[in-house]
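Trainee: On the provided structure of chain U, position chain E as indicated by the hints.
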Amino acid sequence: MGTHVIKMPDIGEGIAQVELVEWFVKVGDMVSEDQVVADVMTDKATVDIPSPVAGRVLALGGQPGEVMAVGSELIRIEVEGAGNLRESAQAGPAAQPAAAEPAVAAVKAAPQARVEVAVVAAPPIKAAPAHRSAPVAREANERPLASPAVRKRAWDSGIELRFVIGSGPAGRVLHDDLDAYLARDTETSVAPASGYAKRNDEQKIPVIGLRRKIAQRMQDAKRRAAHFSYVEEVDVTALEELRTQLNQKWGDSRGKLTLLPFLLRAMVVALRDFPQINVRYDDEAQVITRFGAAHIGVAAQSEGGLMVPVVRHAETLNLWGAANEIARLANAVRTGKATREELTGSTITLTSLGALGGIVSTPVVNLPEVAIIGVNRIVERPVVVKGQIVIRKMMNLSSSFDHRVVDGMDAAQFIQAMRGLLEQPATLFVE
Amino acid sequence: MQPTQHTTLLIIGGGPGGYVAAIRAGQLGIPTVLIEGQSLGGTCLNVGCIPSKALIHVAEQFHATRRYSNNGSPLGIKTQAPTLDIGQSVQWKNGIVDRLTTGVGALLKKNGVKVIHGWANILDGKAVEVGGQRIECEHLLLATGSHTVDLPILPIGGAIISSTEALQPTAIPKRLTVVGAGYIGLELGIAYRKLGAEVTVVEARDRILPTYDKDLTLPVAESLKALGITLYLEHSVEGFQASSKTLSMRDRMGQSQTLETDQVLVAVGRRPRTGGFNLESLALAMNGAAIRVDSRCHTSMRNVWAIGDLTGEPMLAHRAMAQGEMVAEIIAGKQREFSPTAIAAVCFTDPEIVVVGKTPVEAQEAGLDYISASFPFSANGRAMTLEAKTGFVRVVARHDNHLIVGWQAVGAGVSELSTAFAQSLEMGACLEDIAGTIHAHPTLGEAVQEAALRALGHALHL
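Residue numbers (the UniProt record's numbering), protein chains in the order written: chain U, 1 to 431; chain E, 1 to 462.
So here's chain U without its partners, still in its complex pose (with noise of 0.2 Å):
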């Protein structure tokens, strides 16, 4: 038997750490070769970690959430044979196997210590059996376990028993639980005819993988970047003519068109004339970049947390391929395949909340970009048009820039580009 160890391999171009978010297995498992042991993530992409080898694994490297250095311990796993561990150093858990689930407590107390191979033979923290600890904690949606007696008990005093913590065996709550619950909470006690519960509880939620991510990056673009919204409205009753029309004649075949992949060609031709405004600005190097192609991100909304997937070279697709390849980035986003190409290299970015986009909005321009156009819903508003009062479709854009490279004259006739465009929808396709 020897130990094989895998190290956090180097997977972005110069990125010293990544984020272990997710582990695929436990201290004990038996794995095979490619078995996928871990998530890990850099700068927006994850990245699964299989096994070269297959054994058992004595110890986890980390836990999820913890930033690790690339080149450290990410996983120890015994094999058959040899091992990619030096004799001497393998001794210590392969005597000791029993000590395995302690060390890996020991290992989380001492993150820095975890490439020391003496840790992984550290002598047992917690000795004592976890089903018999109390009182437990119970999964937010997990039933509360309690006798018929104590439910119905805590029915007629109003108490909700998912929010009392139980102090019997497997968690149960117990009489003597709902009496402590009520006595530290004296007004549920009193006024239970409200017939509606006091809620006291609290969820901590660590904040790690995607949601860190976008938190370092929300806060990171809000302090560097010198933001300034602009809204105008829009009228999009041409537009929306156009887009039935064409959904009627080809919604079939080519496939149905969202509002989006119009609002793609408008932002494509209207940059064409504002090319300050599709640019990436490195203001460490102070170097404004500005790109020919517009690479446009969409942002999306996947089960983690927002994310940015690029329409490359937008400027070459028409509608259609406009609105297929949002739709393959949008599911692939949900999915969680997105591959980190697909993430990153945009040079402006759009985002609608479509049905939900309310009436203004203040996005927050995605870094090194310089520009985020944001589109609120469209509503049937009376608007006065040569003296008359008419019905027409209205839509606001709300859109966000940075101050520090994009005058505010420049931002108004991007969107007044960008308006009119929209309002004669036929000056979309003129070359």
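Since the hints were derived computationally from the structure, they do not count as laboratory data. Wrong hints could be hidden among the right ones.
Chain U stretches covered by chain E per the calculated footprint, using a threshold of three residues with CB under 8 Å from any CB of chain E [unchecked claim]:
1. 156-168
2. 413-419
Pairs of lysine-lysine, DSSO-like flavour, derived with a Cα cap of 30 Å [as the list claims (entries may be wrong)]:
3. E:K109 x E:K334
4. E:K225 x E:K53
5. U:K152 x E:K110
6. E:K114 x U:K152
7. E:K389 x E:K78
8. U:K152 x E:K109
9. E:K214 x E:K389
10. E:K389 x E:K225
11. E:K389 x E:K53
12. U:K152 x E:K214
13. U:K7 x U:K213
14. U:K26 x U:K213
15. U:K249 x U:K393
16. E:K110 x E:K93
17. U:K198 x E:K334
Every residue, glycine too, gets a C-beta built ideally from N, C-alpha and C.
Mentor: Showing chain E alone in chain U's frame:
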């Protein structure tokens, strides 16, 4: 036109759900009217649970005596071949049913419930017409139960019977074919076999009792074989020729086959009773064929409630009773919710099956890290003295904290273990709780304790 009556609670249907709701409402001082179209007690008391258990008891006694008479028993009891007066058996059964339904009537009266015998016709969510009488209510509780599913190719009548007719036999047929190997078909099929009929069971699926797992149904399958019941699995019935008394069927490969039989019992399930009382006029939200209700048995219409079989699976009298009691308490202003940990399901075949909570398969599907262990009755002393060595008790528990999430058992008389099973689940018992409870010796219940011990890795008698 009689003057309109007013009440707080109006219940349609006097089965286990409806009459329990009425009794509890009466106890709580709620003015209550209950409308029953046939006989109090519903399917359960009149044509379901109770009469079938009575008939099964007759069949078991007759079967045992027959064994004594033909030296089939090692007990040393000798007797002459018994004869069966099925008319008297049915009378005895009817006596039990009468006593129970009369008892229900007395309980309702004692609690001040007004019972109207007649067919209800819903006018709107707050008004019902019965026998030309308009009754207005604040709360309408629908408890109309279920009816047997008919097969269009086997219309009930003549030699084709449903469970209702099978529980009221005038004679035991020489040959009986049961269509459907669910619990109703097997309970009655086994009873008829023990009463002397040659019984054949035809089932479209590939095994008997398809809702239970294979370990549980195996002892029943073996028992069918020992009793001499012929089983055709994966066969679909195509029709019945009354003149030649032949039932035609087709197997999975399309091969046709005919069976000569004197009676055909159709037992292919039950369906919520939603027709015949103008329920459709309320346009309630449905859940398939059943009325959709929330955890308080509230329908999609304000102050219209539904309980029991009408609300779909599991169609069990004890579920309906619990729901009825709860709805009465909610109407009385109490905060209640229908959230049992488990509802026991019992199959009165020979041997019996009882399932409470999660089976190993269900625990797996729920993503639980679980332990499961079973203890066979072949290692239980009391089972040996009862000539009931087949079957076992099985427990399913969480691996991390040993919380018991399910009990199953198969064996003679295990239906009575459902009490212990349901109690342990509702009380939130862990394996150690059951293992640490002294179970009386010699009883079948010792197998319950031993299953828990075995799950903990130290069964004593195995």
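Trainee: Could you run down the list of hints and mark each one as holding or not?
Mentor: Structure-based check of all given hints:
no., hint, result
1, 156-168, "holds (count 3)"
2, 413-419, "violated (count 0)"
3, E:K109 x E:K334, "holds, 24 Å"
4, E:K225 x E:K53, "holds, 22 Å"
5, U:K152 x E:K110, "holds, 26 Å"
6, E:K114 x U:K152, "holds, 29 Å"
7, E:K389 x E:K78, "holds, 23 Å"
8, U:K152 x E:K109, "holds, 28 Å"
9, E:K214 x E:K389, "holds, 18 Å"
10, E:K389 x E:K225, "holds, 17 Å"
11, E:K389 x E:K53, "holds, 22 Å"
12, U:K152 x E:K214, "violated, 37 Å"
13, U:K7 x U:K213, "holds, 23 Å"
14, U:K26 x U:K213, "holds, 26 Å"
15, U:K249 x U:K393, "holds, 22 Å"
16, E:K110 x E:K93, "holds, 26 Å"
17, U:K198 x E:K334, "holds, 18 Å"
Going through the hint list in order, the structure does not satisfy hints 2 and 12.
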